[in-house]
Each structure stands twice: as structure tokens, then as C-alpha cells.
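Given the structure of chain Z, go ahead and fit chain Y onto it with the hints provided.
So the protein sequences, as listed, match chains Z and Y. Using the numbering used here, the first residue of the first sequence is number 1, and each one after it goes up by one. Using the numbering used here, the first residue of the second sequence is number 119, and each one after it goes up by one.
Treat the hints with care, since some could be wrong.
Calculated lysine-lysine pairs in the DSS-like style (CA-CA distance at most 27 Å, straight line) [as the list claims (entries may be wrong)]:
| hint | chain 1 | residue 1 | chain 2 | residue 2 |
| --- | --- | --- | --- | --- |
| 1 | Z | 95 | Y | 540 |
| 2 | Z | 108 | Y | 526 |
| 3 | Y | 553 | Z | 95 |
| 4 | Y | 570 | Z | 108 |
| 5 | Z | 108 | Y | 384 |
| 6 | Y | 553 | Z | 108 |
| 7 | Y | 522 | Z | 20 |
| 8 | Y | 540 | Z | 20 |
| 9 | Z | 86 | Y | 526 |
| 10 | Y | 413 | Y | 455 |
| 11 | Z | 20 | Y | 526 |
| 12 | Z | 86 | Y | 455 |
| 13 | Y | 455 | Z | 108 |
| 14 | Y | 564 | Z | 108 |
| 15 | Y | 523 | Z | 86 |
| 16 | Y | 670 | Z | 86 |
| 17 | Y | 523 | Z | 20 |
| 18 | Z | 2 | Z | 86 |
| 19 | Z | 112 | Y | 413 |
| 20 | Z | 86 | Y | 554 |
| 21 | Y | 554 | Z | 95 |
| 22 | Z | 3 | Y | 526 |
| 23 | Y | 522 | Z | 54 |
Since the hints were made in silico from the structure, they are not lab data.
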Amino acid sequence: MKKTILIVEDDQSLRILYEKEFSEAGYNILQASSGQEAIDLLSNRPDLIIMDIKMPGMNGMETMGKILSINKSIPIIINSAYSVYKDNFMTWPAKAYVVKSSDLSELKEEVKICLEKN
Amino acid sequence: MEKSDFEIFNSIAHRSNDAIVCLDENDRVIYWDKSAEIIFSIEESEIMGQNFYSIFSPSSKFSRRLKWEDNLLEKWFIKSFEAEGEKEAGDKFAVEFTTMIIKDSDENVLGKTAVIRDITHKKSIEREYEKTISGLSKLHEIGQHLHQAKSRVDLIKVIMFAVTSGKGLRFNRAFILSENKKTKRLEGIVGVGPSDYEDAGRIWNEISETGDDVEILMNQSLKTIRERNIAVNKTVQKLSVSCTKEECILNKSLKDNKVYNIVDGKTDTDFDGSIIKKLETDNFTVIPIKSEISKNYVLIVDNKFSRQNISESDIELLEIFGSEVRLALNNQKLNEKLKSKIVELKKAYHTLSESQQRLLESERLATLGEVVADISHEIRNPLVSIGGFARSLLKSMPENCGDKKYVKIILQEAERLENILKNILDYSKIYKLHKKRIYISDPLQKSLNVFKQNLENKNINVSIEVEKPEKKISVDPAQIMQVFINILRNSIDAMPEGGELSIKLEVLKKYMIIEITDSGVGIDDEKLMNLFRPFYTTKTDGIGLGLSICLKIIENHKGFIKVESKPGKGTSFKIGLPL
Chain Z
1 MKKTILIVED
11 DQSLRILYEK
21 EFSEAGYNIL
31 QASSGQEAID
41 LLSNRPDLII
51 MDIKMPGMNG
61 METMGKILSI
71 NKSIPIIINS
81 AYSVYKDNFM
91 TWPAKAYVVK
101 SSDLSELKEE
111 VKICLEKN
Chain Y
119 MEKSDFEIFN
129 SIAHRSNDAI
139 VCLDENDRVI
149 YWDKSAEIIF
159 SIEESEIMGQ
169 NFYSIFSPSS
179 KFSRRLKWED
189 NLLEKWFIKS
199 FEAEGEKEAG
209 DKFAVEFTTM
219 IIKDSDENVL
229 GKTAVIRDIT
239 HKKSIEREYE
249 KTISGLSKLH
259 EIGQHLHQAK
269 SRVDLIKVIM
279 FAVTSGKGLR
289 FNRAFILSEN
299 KKTKRLEGIV
309 GVGPSDYEDA
319 GRIWNEISET
329 GDDVEILMNQ
339 SLKTIRERNI
349 AVNKTVQKLS
359 VSCTKEECIL
369 NKSLKDNKVY
379 NIVDGKTDTD
389 FDGSIIKKLE
399 TDNFTVIPIK
409 SEISKNYVLI
419 VDNKFSRQNI
429 SESDIELLEI
439 FGSEVRLALN
449 NQKLNEKLKS
459 KIVELKKAYH
469 TLSESQQRLL
479 ESERLATLGE
489 VVADISHEIR
499 NPLVSIGGFA
509 RSLLKSMPEN
519 CGDKKYVKII
529 LQEAERLENI
539 LKNILDYSKI
549 YKLHKKRIYI
559 SDPLQKSLNV
569 FKQNLENKNI
579 NVSIEVEKPE
589 KKISVDPAQI
599 MQVFINILRN
609 SIDAMPEGGE
619 LSIKLEVLKK
629 YMIIEITDSG
639 VGIDDEKLMN
649 LFRPFYTTKT
659 DGIGLGLSIC
669 LKIIENHKGF
679 IKVESKPGKG
689 TSFKIGLPL
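Excised from the complex, chain Z in its bound form:
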């Protein structure tokens, strides 16, 4: 069965890119442009969440905290332009931390590993 990935990213271009790439890789894609939208989409039961950190309103770390308190088993991969948040304990519950790059192979690899574990 096709797995569903929820992409939480405020940048529209990136959302389109990720949607294209991950669809082609064989996943169903859900998109959220903010933390709140992401929480609202939880009812669609995504298998994995790719979470950006810097977003207007609730940032990615807060959002992750809230989501995990609702459903602690959902794997979340942080995908941020910043590497500095790796030091922040709020990001540690994430299954992986991938710094944004135009080369999506690392992110794709982490997604594969996470989904295989589950």
C-alpha cells in the first residue's frame, strides 16, 4: 500500500518540488503550509511527516511537540535550512534531521529508512 507523507513547509516552491519528487518516488503527498494546518491534517493519518522549522506562527519544533503529544508513534523528519537547531533538545524526538539541499537523495534515503522501520 502506498504510504502517505505529510509535508509541512511554508515555502510554496519547495512544497511543489517535494510533491513532484516524492510522488514520483511512489508516495502519497499531503501538504501543510503551517503548523496548525499540519495538526488539522493529522486526521488523514499520514505515515510520516517532513517538518520544516522556520514557519510563521508555530515553528516546526513546537508543532512536532504538539503532534507527538497527540500521536507519539508518528515518525517525523526535520528538514530545515538551518543546521543550528540540531543542538536544540526540542528537535531530538525527530527520527532524523536533514539539512535542506537541492540534492534530495539524503532526505529520500531517511524517508525510506523510517518507513521501513515502521
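Using the frame of chain Z, we list chain Y on its own:
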């Protein structure tokens, strides 16, 4: 007068120290009491019936016994006046005359009465007092000069002037010695005064003509003063003495902080008499000038030529003078200290200013760094889009599509920008060291692995030499790996046709040395100088931050990095990390 009245009168007159003299209407002496005999040294029998004024006459028989200073005959008509004279033996005396004219009830002049009081003592006290007052006012003036003296030498000149000049305390000669704490000796500095009587006379004449001014002395150097007063300066050198000689009056004076007045070779304490020979006089005064924070001095003054006694008031003035000098000395020292403190403060202020500037600059840079970081992050998202889509497009474009190469270029440029971004972000980060104790060969091997493909493709021979047993060192593994990667990248780029890459690990003194040598194109001197400068690059696709990042990381580890290179021969990087 009735005889009984006379007897009463006589008995009263006898009891008084004042002389009572009575004259008849012809100014002949009709009464001459005992006190008059004493004051005038003239017996009753000699003067009775004589004209009283004869004692004032320079041609009378009394003139040898009494020499009067003023023309007294003119003064006689004043009711009371003072007169000074000199007796036969040379003793000076002063008297006060009070005269009364005696008239009868019909206003006929019966005669005159004079009461004469010996005021010699009073006069001398007055003189001393005047001297003190004038001395004090002179001292006040001198005090101004003392406090205005700009240097130690100037102060000494003022002291010399003050005690010897007519405008000062008027001593014949003055000598000043200073205490040298190192050699523990009192050493003569300078002396001022005539060398003999002739010289004294000449100087006094000179001064009375030209007047003496403090400026004259102030404008002369010590050398000139010494040359003009050769004899006294020889003496002052002779006076130099070791501070351990307790019996020397100079040392005593300093130790007791007391002015010693030596009269006829004696003072109120025993002392070594050799100083009398050196000074060639047995009447002199020693004044100590003790300063808590500056040097100690000893001043000697004498009246060798004028032979004037140094009186009590002189001593008092000298004591006052001494304390003025002490004050001036202390003030000067404090001034000096203040000046040097001000210089220090100015320096400190400058350093502080500079530090402040640097801090502001670094804060600015920090903010700049933050700004750069923020901008870089803002740029990243769009870059990821551009590069990501280019990649995506490339995948779906068939090989023979003409536009494929253009899309490749889009991707290349995007990647290049990403690389630049990464370098900028790495550079502007504040490096937090996450140190671990590891074998340095570990990150070294890992970084070599990153370039494994390149090394093989470019025909580069790698040799590693590790000094056994290998020691662990405390480093941040990720950052050190970054250093190795940057250096290896450069080495590989320097050998486009292949070559030798040798790596050596050894311990030297307290450092772990990692030496990476290539046989590449080498670096010329100009590039070598600028090698670690940020944004300095000779490559077309670089931003020039790689090596400056290396330097930063190594500096954070408190290590060092050295480069040696010869164009055409190769380059060697030596990294030292503390054990």
C-alpha cells in the same frame, strides 16, 4: 627743693632702673642718679654742674665713652625720643628719653627733668622681631618660587637662592647634600657663597649695584653655579659622608629631624668635629629636609665672612623654611606621580577606546554575521527550489535533448551557490567545540575516504606514516575532519595530473603534528602570504573561505598551522594540535 623732699625724691629715684636727670634753667646737671651713671657710664662727680648737652657732643670729654648714632641735639625738643649709641668697649646701647620742663606757679622755667630708660634689650628684641617679620614675608615670596619649581634641580636652586640672597635669609654660604639610599651616603650636590673675604666683598658690591634676582640663579645650570662657586663646591664635596656615621652632625640632624645650630663649635649634642675643619668655621646651622615620598636633603648655612651670629629668629626662619621645602618636595613628587598616572590613564584610556572600538567592530561583525546568516538561510530555500527542480528536470529529459545541457548549467550554478552558502555559514558560525578524546588518524582516514574516488581517478599516490604508539588527543572530530577535507581538497586540486600525497603523524614537544604534503603546482609567495585570509582565492569556483575556516578551527583548538611551498615542487601543510 627742700632737703626732706629731696631725700624722698632720691629714694624713689634710686629704686627705679630708669635714669633720672635734672637740669637747671641753664641746662646744667643738678641731679644725676645712680641709673644715669650706669646707663651713660658717667659718674655723678664728672657731670654735676656741667652742661648736660656735652654728653652728646662729639668734641666733649665724654665723646670717647659714648658715640651717638643720630644728631640728638635736634631731637631734644621732642618730648620723648629714642637714641642709639655705642659705648667705649663697642657695646651697642639704646635709650629712650622722656623730658619734662619744670615751671613754677608763674610759668617761669625752673629747669628740666629727663627720664632715660635703657631700651637696649627691647631694641634688640624689636630688631629680631622685625627680622622675623621681614624674614617671614621673604619666606612667603620664596615659598611661591619653591612651589613653582618644575624640577628637583630648580628646587635646589631656589633653596640656594633663598638662604643666601639679600632678598632671602641672607646667609653668607649655603651647602646642600642629598641622601643617596643606594650608596647609603649623604652626597654633596652644590654650594653657593664666596670663597674668601675678597670674594665676599666683591659679590656684595656687585649685588648692591645690580640687585640680585632669583631669575639669575634659575637661569644658570647647576654646572655653571658650581663653576662660579668653585671653593664652596669643593667644600660640599668634602662634606659627603656615609649615612652609617652616627656621630656626624649631618646624619644626626636627619635622624632626629632637628635643626642644629653650632655655636663656637658646640651644639646641644656631641658630634664629630671634623666638619668644622671642612667648613672652616665653627658657627653654622644644619637644617634637615625630610620627605616621606621624595629624597632627604641636608642644608648647611653659615655666616663665615660677615661673622653675624645666627640668632634664635634666624633658626626659627630656617625651621619654617625647612618645612616649606619639605612641602614643596612632597608636592613635586606627588606632581610627578600624578603626571605619570595621567600618562598611564591616557594610555589606558586609549587602550580602552581601542578595545571599545574593537568590541563595537566585533559586535557589528557579530550582527553582520547574524545578518549574513539570516540572509544565507533566506537564500537557501529558493536555491533548493532551483537546484531541486533542475535536477528533477534533468531526470526526465532524454539524453539527446538539446536543452539538457542548459538545465545542467542551471543545476551547476545552483550547486555552486549552495557551496558558497555553506562556506559562509560555516565561517560565520561561532564554533562550539564538542571535544572528544580520539585517535587523530580516525578523522584523517574518514576525510581521505571522502576523496577516495578523486584520488584514484587522478592517479594520486597516498602514503600515510603514523608514529607508533599513537596517542589520543582531545578534539572536535567533525571540525577537525573539516580541516582535513579542506586541505586535502586543495592538495588534490594542485595535482591535476596526479602526484604524491604523503601524510605524516608524529608527536613533537607537546603537540600532535599532522603533516600533509603534496607534489603539486605549489604556491607562490604572494598567495602564500594571503593563504589564510578569508575570501582570498585564486580559483574560479571558490570563495576563498576554505583555509580561513581551517585556521579558525585550529585556533579554537589552540593549535597552529604552517605552510611551506615552492612553485613547481609542492606544498606541505603542518598542523599542530595540543596533546
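List of violated hint numbers, smallest to largest: Hints 5, 6, 9, 12, 13, 15, 18, 19, 22, 23 contradicted; others consistent.
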